[in-house]
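Student: For the record, the sequence lines run as chains U, S and A.
What the first sequence shows, in the working numbering, is residues -5 to 921, in sequence order.
What the second sequence shows, in the working numbering, is residues 127 to 321, in sequence order.
What the third sequence shows, in the working numbering, is residues 871 to 950, in sequence order.
Hints listed in this document are in silico derivations from the structure and should not be mistaken for laboratory results.
A portion of the hints provided could be inaccurate.
Claimed, not checked - Which chain A residues stay away from chain U? Per the calculated CB distances, all over 12 Å, these:
{"hint": "1", "residue": "L873"}
{"hint": "2", "residue": "A893"}
{"hint": "3", "residue": "P901"}
{"hint": "4", "residue": "V913"}
What the hints assert, rightly or not - 20 Å max Cα-Cα, derived EDC-like pairs, lysine to aspartate or glutamate:
{"hint": "5", "chain 1": "U", "residue 1": "K812", "chain 2": "A", "residue 2": "E907"}
{"hint": "6", "chain 1": "U", "residue 1": "K812", "chain 2": "A", "residue 2": "E908"}
{"hint": "7", "chain 1": "U", "residue 1": "K614", "chain 2": "U", "residue 2": "D627"}
As the list claims (entries may be wrong) - Here are some of the chain A residues that sit facing chain S, going by a computed Cβ distance under 10 Å:
{"hint": "8", "residue": "W878"}
{"hint": "9", "residue": "R916"}
{"hint": "10", "residue": "D942"}
All of these numbers come straight from a predicted model, not from anything done at the bench.
The beta carbon of each residue, even a glycine, is placed where N, CA and C say it ideally should be.
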Amino acid sequence: MSRVDGYGTRIDRSRTLRFTFDGREYTGHAGDTLASALLANGVHRVSTSVDLGRPRGIVAAWSEDPSGLVQVEEPFPEPMLPATTIELTDGLVARGLPGRGRLAEVPDTARYDRKHTHCDVLVVGAGPAGLLAARTAARRGERVVLVDDRPAAGGSLLGTERICGRAALEFVADTLVELHANPDVVHLQRTTAFGHYDDGFVLALERRTDHLGADAPRNVSRQRVHRIRAARVVVATGAHERPIVVEDNDRPGIMLAGAARDLLHRHGVLAGREIVVFTSDDAAYDAAADLAKAGARVTLLDARDGVPAAGARRCAEQGVTVRTGAVVTGTRGTEHVTHAVVGGEELPCDLLLLSGGWNPVAHLVSHIRGTLAYDPALGAFRPGEPADDTAGDGVTAVGAANGTLDLAGCLAEGAGERAQPVERTPTKVLWRTDGDPTRQFVDLQRDATVADIARAVGAGMRSVEHVKRYTTIGTAHDQGKTSGVIASGITAELLGVPIESLGTTTFRPPYTPVAFAALAGRERGRLFDPARTTVLHPWHEDAGAVFEDVGQWKRPRYYPRPRETGGIEDMDAAVLRECAAVRGGVGILDGSTLGKIDVQGPDAGAFLDMIYTNVMSGLKPGKVRYGVMCGLDGMVIDDGTVLRIDPERFCVYTTTGGAAPILDHMEEWLQTEWPHLRVHLTSVTEQWATFPVVGPRSRDVIGAFAPDVDVSVEAFPFMSWLDTHVDGIPVRLARISFSGELAWEVSVDGWHARAVWERLVALGGQYGITPYGTETMHVLRAEKGYPIIGQDTDGTVTPQDLGMAWAVSRKKPDFLGKRSFSRSSNLDPLRKQLVGLLPLDPDLKLPEGAQVVELTDALPPPPVPMLGHVTSSYRSAALGRTFALALVKGGHARIGERLTVPVGGALVPVEVTGSVLVDPEGTRRDG
Amino acid sequence: MAESLFRTGPLDGWAGRFAELPDSVTIMAEPFHAMVDVRLAPDGTGRPAPGLPGSVAAAVGTTPPEPGTWTDGEQAAAIWLGPDEWLVTSPFTPPAELEAAVRGPGGAAVDVSAQRTTIRLRGAHARDVLETGCAIDLHPRSFPAGAAAVTTLGQAGVVLLALDGAGTDYRILVRSSFAGYLAEWLIDAATEFRT
Amino acid sequence: MQLIDCPWCGPREEVEFHYGGEAGVAYPADPAALSDEEWARFVFHRANPKGPLAERWSHSAGCRRWFTAVRDTATHRFRR
């Protein structure tokens, strides 16, 4: 055991937790990480490396660890987590991971969510600088959010320091009490600010329940993404210690000096008894002295010739041997480090600590294109002055994140003051020592070495971004937190240029890996995408409807019924039955999803004349007109019927999918081009429920439904409408047909939709009224050659291509798209045009999307000239056969010709027909 | 003939699930109110009109709401939707009457009583629930009693009204076809506060 | 997630807005008088400068009003 008494501010020795690692059972304490618990049990080797299979252990104290990745198996499988960041819970099962992880094969039933938070100041990091920044802002009366990624506040504080004459951790506790008492302060631990975006937007991942183990409440989200909008962001994220690259620097038992010190003070773990510290920086002296005081034999090798007086004194007091001008050039050992090679000497050790200085954690500055400047005194990049107003607005780095490494300086900067300069022995910038570059590891996770950088430079790479991608250094889970600057430094050395001119790679979000589950949040399952439903949805469900997604709408596709022979109808059978019922009797459809727009104002007619290709201003109140809308390019964007309510009011019907975009289209023209028009547009899509009642018996049903209305063909002609009342409820009836049959559309406000629908179904019972779905609607309209915009068109089809030149006004001086109709490409006789196709085999249904080619017995070698494609294809009850609609080059001139549709391996001969296949004379329209 | 054609709302049938919610997050589907979308005549400059037409002010019985606010009168309430657009709602006046009453010369008035459904969200955690899916600042200092916003909640467009200054009482107007989605979303968001 | 300042509703997240391309491209007074090339230029061609560009935006998820804003296409920053 490596646990020592008298240390361990974070652990509770009275609580023992059991855990399993690589199949062996161990114990640890509450407050341990998996890494500290393993090291307490003497387990240094955590995994083997991804490419070379070399043993690897724990290197750093927290998320910057490039090495000790594990796969968690229990309580829930999760791959590629650094052992240093896993809080130990009872029953944890994990195993070491050679680079690649394994996703869970069982569904993740945990909750994930997000929360929006707004504040004046976001402080990232609850170390001394961050706490001061949060306290200062809170005392000013500002709304503050303070986030920190560790389990507890305090940052780099170990408990040995003094702040304002008091023990540091007491200061932390008191500051938190003050912050928590303020209702305008939000303080979140275990929360990693992982991305910083425009306008003070920061995403932070809170790990809410993992540390609770089996006690985690199921109704609380496991992880939460905080979407924080801050007027100012204070980056108090500290610094990462930088190793020095030496030959065979990857063995278990080799770690950063600060990590060993951290383990001792936080977790009471003395990771070695025979310790060699190799440094070029002052901070390692404190680590050496603390570890010696805890009982280890420590030798400190400083690459510099001068030593810091205070650090040397502390080391002398604790019996640390200090050697200056000494350099480690290699290590010995197999499963664990046994010696440090110093010149010709091999110093025995069970722990080798490396310390080459500190890299400010400036990721959140870099994410928003804040500049980083090289500081030769640090041997690292720190936030520079903002280059212009495009970056760094309202962002301040304080404390170690700003390169200020002393505690007094951190506190001063946190409080918004300037740090006083302190006496330091300058860090000696030493990226690596002499040795075999193929065994000098720069990125342990990627098994990438100095030799790989040399290869990149030899291949001509001159940019650190290129070297990064060539070597993969900095592309692993840790994103090069400890290796990135070293890679830049070694690249600069190899190129013979100063690192200042080379720069370092840009940090990009996320700072640490984020699970997709957390990003998805609650937008999964039923909440993945809104399901829009009409008020009749429960009725359709009770009627056994099979639903179809039409945009976000759930629409009944068909209503299967039990078969006489047992079982239930398939779609083909149900649709044939529904079609026959409509053309032979009467059917009813829930058409409430159609878009509806109220167009109101003295210039409403003039406005619609510009929007539609035909004339709407001449429509008389009480009448209905079908219209087509085009974009400026003359291509059809939507179609539908228009009801004139009164001289200054119309009700425009759009397609279901067109409801929102067509309203937007109309608003755009009205507001930006024609603001002088006195017209207002209001969506009434859900105000009105609309039910087509269709078929030769529809007159009987409507007559019974609205007994006050004369439904004779003379009194209520095709394409007219009227308002009436049924039981005192306002109802609108319109003679509109999308099937060629006698039909009425019944419209009523949404509150009364269900009652009216049920009334119609009840009254129609004696006529065998049949509810039908979108599939039957499609067959009925296709039999009449009515196109569906978006199915039979694709944004490259004009009204003329659809055979609807009749719907294009020649009288109007202008309307949207008119000028494009005379462009040469729109006059090309070989444009694709809508036609009908009848397979010679009347039982063969062509697949929609199938290509159409010239009639042939054998396809020519590719590329085969394509004539067009099938846009709609159905089995027709009325025709007793299959049929299709297709867009075919010069199709209108090909009517009567035969063509071929390749289907799978077969060549299907088809005959081109006009697009109207049922009742081309229109005899059924008036019943 | 008596009115045998009864009203059905898009959230009929949800009362049972709403009843299971904790006191700190309560949801209720509000009953039918007449709602009319009112537009003012454009003045050609795109500038906001100075206020509601007199007819609307009379119908609401109070001063018209400024941008981002709503006002509650004795007979009707008015919600700011845009620089020349308000939604006037009334539990008392029938839709056709309300539509006729508020239409000003050159403007427009449209009965939209069924276009949206109103959900009342109340409780100590009402604001917490909204903040899981609404990007605007709902702190009572930014969104006090009387505030109104047309924005997005979850993936649904909503009109959000603050009824108190404590973040514990809201009205959410949502397109009727999205009502089921939003109810499901709100119930799910309240999961954390179940005891 | 950038904020865009709606003249009526104030700053809102960019997903509440709909982009309308370059502003100030007026519909021709008499389209019939234009050559095919002139008409095609109006329909299909827009400026694409690096730097400030006057654009049309609509607060489509809010007050539904169109407005013009100047945005730097290189930095995405709106001129305030």
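Student: Checked against the structure, which of the hints given earlier come out wrong?
Tutor: 1, 2, 3, 4, 7, 9, 10
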